[in-house]
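If you're matching them up, the sequences are chains A and B in order. Read in order, the letters of the first sequence are residues 1 to 231 in the numbering used here. Read in order, the letters of the second sequence are residues 232 to 493 in the numbering used here.
No wet-lab data here; the hints were simulated from the structure. Some clues are possibly wrong.
Lysine to aspartate or glutamate pairs mimicking EDC-like chemistry, simulated, CA-CA at most 16 Å apart [as the list claims (entries may be wrong)]:
(1) B:K481 <-> B:E461
(2) B:K474 <-> A:E216
(3) B:K481 <-> A:E216
(4) B:K338 <-> B:E294
(5) B:K338 <-> B:D316
(6) B:K422 <-> B:D404
Using C-beta positions, here's what the derived DEER-type ranges look like [said to hold, decoys possible]:
(7) B:E366 <-> A:R7: 40 to 48 Å
(8) B:R324 <-> A:E63: 16 to 24 Å
(9) A:N58 <-> B:N248: 55 to 63 Å
(10) A:D133 <-> B:Q480: 50 to 58 Å
(11) A:E90 <-> B:S413: 33 to 41 Å
(12) A:R7 <-> B:Q480: 15 to 23 Å
(13) B:Q359 <-> A:E219: 54 to 62 Å
(14) B:K474 <-> A:R12: 25 to 33 Å
Covered stretches of chain B (chain A as the covering partner; in silico rule of three or more C-beta atoms under 8 Å from a C-beta of chain A) [stated by the list, open to error]:
(15) 441–449
(16) 474–482
(17) 485–491
Computed from a predicted model, the values in this text were never measured in an experiment. Backbone N, C-alpha and C define an ideal beta-carbon position, used for all residues, glycine too.
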Amino acid sequence: MPTISPRENLDRQIQQLLDQILVLGSMVEQATHNAVNALKNHQPSEARLIYDNDSQINQKRFEVENTCLTLIATQQPMARDLRIIASVLEIATELERMGDYAKGNARICMMMKWTPPSKVMADLPKMAAIATDMLHRAMGAFVAADAELAVKIPQEDTKVDDLYNKINRSLIAELTSDPSMIDQTNLLIWAAHNLERMADRVTNICERTIYVATGEMKELDVTDDEQEMKL
Amino acid sequence: MTSTPSQNGKYAIEARNLHIYYGNFRAVKNVNLKIAQNRITSIIGPSGCGKSTMLRAFNRMNELVPTAWAEGEVLYHGKNIYDPDVDPVEVRRHIGMVFQKPNPFPKSIYDNVAWGARINGFQGNLDQLVEQSLEDAALWEEVKDKLDQNGLSLSGGQQQRLCIARAIAIKPDLILMDEPASALDPIATLKIEELMRELAKNYTIIVVTHNMQQAARVSDFTAFFNLGDERAGILEEYGPTEKIFTNPQKQKTEDYITGRFG
Chain A
1 MPTISPRENL DRQIQQLLDQ ILVLGSMVEQ ATHNAVNALK NHQPSEARLI
51 YDNDSQINQK RFEVENTCLT LIATQQPMAR DLRIIASVLE IATELERMGD
101 YAKGNARICM MMKWTPPSKV MADLPKMAAI ATDMLHRAMG AFVAADAELA
151 VKIPQEDTKV DDLYNKINRS LIAELTSDPS MIDQTNLLIW AAHNLERMAD
201 RVTNICERTI YVATGEMKEL DVTDDEQEMK L
Chain B
232 MTSTPSQNGK YAIEARNLHI YYGNFRAVKN VNLKIAQNRI TSIIGPSGCG
282 KSTMLRAFNR MNELVPTAWA EGEVLYHGKN IYDPDVDPVE VRRHIGMVFQ
332 KPNPFPKSIY DNVAWGARIN GFQGNLDQLV EQSLEDAALW EEVKDKLDQN
382 GLSLSGGQQQ RLCIARAIAI KPDLILMDEP ASALDPIATL KIEELMRELA
432 KNYTIIVVTH NMQQAARVSD FTAFFNLGDE RAGILEEYGP TEKIFTNPQK
482 QKTEDYITGR FG
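Please take these sequences and the hints and turn them into a complete structure.
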């Protein structure tokens, strides 16, 4: 006789929801990575693609949201199920915003004139690599409800912040030596800022992981303010 | 496990080290439960875990089953209602009950509500009491022109509200409800739930329900009963409803409310 679990259906649907949010996370990682590469290599046609593809990220976010709302309406989720679904809704929003940062960087690439590369072009991909790695692991921690890992990941934000500060200083120095570069420099400051914000948002995802695992809503300490004061 | 504090710091009734037996069978084991005054407390749990037995222990209704007996205390205004000098009928006068299936008497709507007051020798204005009780049970507008009609002529939802009017006409301070809406359609159910919220301004309510959404919607506190050793019902977890349904502390509570067993 087959055994019937009273919630096989719900378990399957929650697993599908987690798969969906992982896919959305990957799309954002990819977009972030590609946008910075396009910027570094000055490939405005690549950038155009990334810019246009943001609508797919937005579309996926709506899909995730819709799945969450359907689950709430049809399954009346409780306890951990409810915490997962509520967190996915929040994370989908975070990812959508991160997608916008990637789109912003693609736009910056399209606006940049081809100029002798700034020294910061080597550091921007490093920033992007750390930020997307943080995102990747934060998403893994979320689906595994690994609170221990979720607490650690935001601490790596200082590496992103350090690079951001370094890029800023470097761009200001470049600007001082050649004021005609003001537009380009300004765009690159924005590009770095976008990556810095993206890494900040990873912390919000980690906070949700802790919520799923423990039921506690608590803010993870981010040292942004201290970093800014060092500027 | 004992209770969490009530929000207003007052308790209507308290079970202390309470065991309830049917003959040799222990149906409820060592329950410590403080019920917050003017709040709604729901009792949830799988079938056979002693929810209804626990509810009926609060007004000695279990004693209507000949083999039932209790050990421990139920403190009501500081007095153990199981003390030998306490008359169970007197207890039930203060602690009203509403059952799963609406059970109006085959009498007029008026007589249904006036019944308790009459046998208690009520000296006041009976018309006023009937009107007020029906008003409080959110039924007055629907029945004021047909008070002499048989209570059984009403719809199921109305009959249940009539039973609630009958229960509150004797001015209890605690109302026990055993699955009060499980025989009703969704709209009648929501009306009963709305009514319960209204009543909680003046009464303390304990409700047994199989419907977890109902417990989540209507109650301030939730007590989760579960089957312990030797099939005795135990109080597994007790706390504010929002906590029980979003972040229960015990794995068994989590498993039950998310449908993993029960």
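Evaluated hints:
1. B:K481 <-> B:E461: With a Cα-Cα distance of about 20 Å, the restraint between B:K481 and B:E461 is violated, given a limit of 16 Å.
2. B:K474 <-> A:E216: holds, 11 Å
3. B:K481 <-> A:E216: holds, 15 Å
4. B:K338 <-> B:E294: violated, 27 Å
5. B:K338 <-> B:D316: Distance of about 34 Å is beyond 16 Å: violated.
6. B:K422 <-> B:D404: Outside the cut-off at roughly 21 Å; violated.
7. B:E366 <-> A:R7: 40 to 48 Å: For B:E366 and A:R7 the Cβ distance comes to about 43 Å; the hint holds.
8. B:R324 <-> A:E63: 16 to 24 Å: violated, 59 Å
9. A:N58 <-> B:N248: 55 to 63 Å: holds, 60 Å
10. A:D133 <-> B:Q480: 50 to 58 Å: Since the Cβ atoms of A:D133 and B:Q480 sit about 35 Å apart, the hinted range of 50 to 58 Å is violated.
11. A:E90 <-> B:S413: 33 to 41 Å: Once the Cβ atoms are compared, 36 Å apart, the range 33 to 41 Å for B:S413 and A:E90 holds.
12. A:R7 <-> B:Q480: 15 to 23 Å: holds, 21 Å
13. B:Q359 <-> A:E219: 54 to 62 Å: holds, 57 Å
14. B:K474 <-> A:R12: 25 to 33 Å: Hint holds: Cβ distance 28 Å, inside 25 to 33 Å.
15. 441–449: Coverage by chain A holds here, the residue count being 3 at a Cβ distance below 8 Å.
16. 474–482: holds (count 4)
17. 485–491: Holds, because 5 residues of the stretch 485–491 of chain B bring their Cβ atoms closer than 8 Å to Cβ atoms of chain A.
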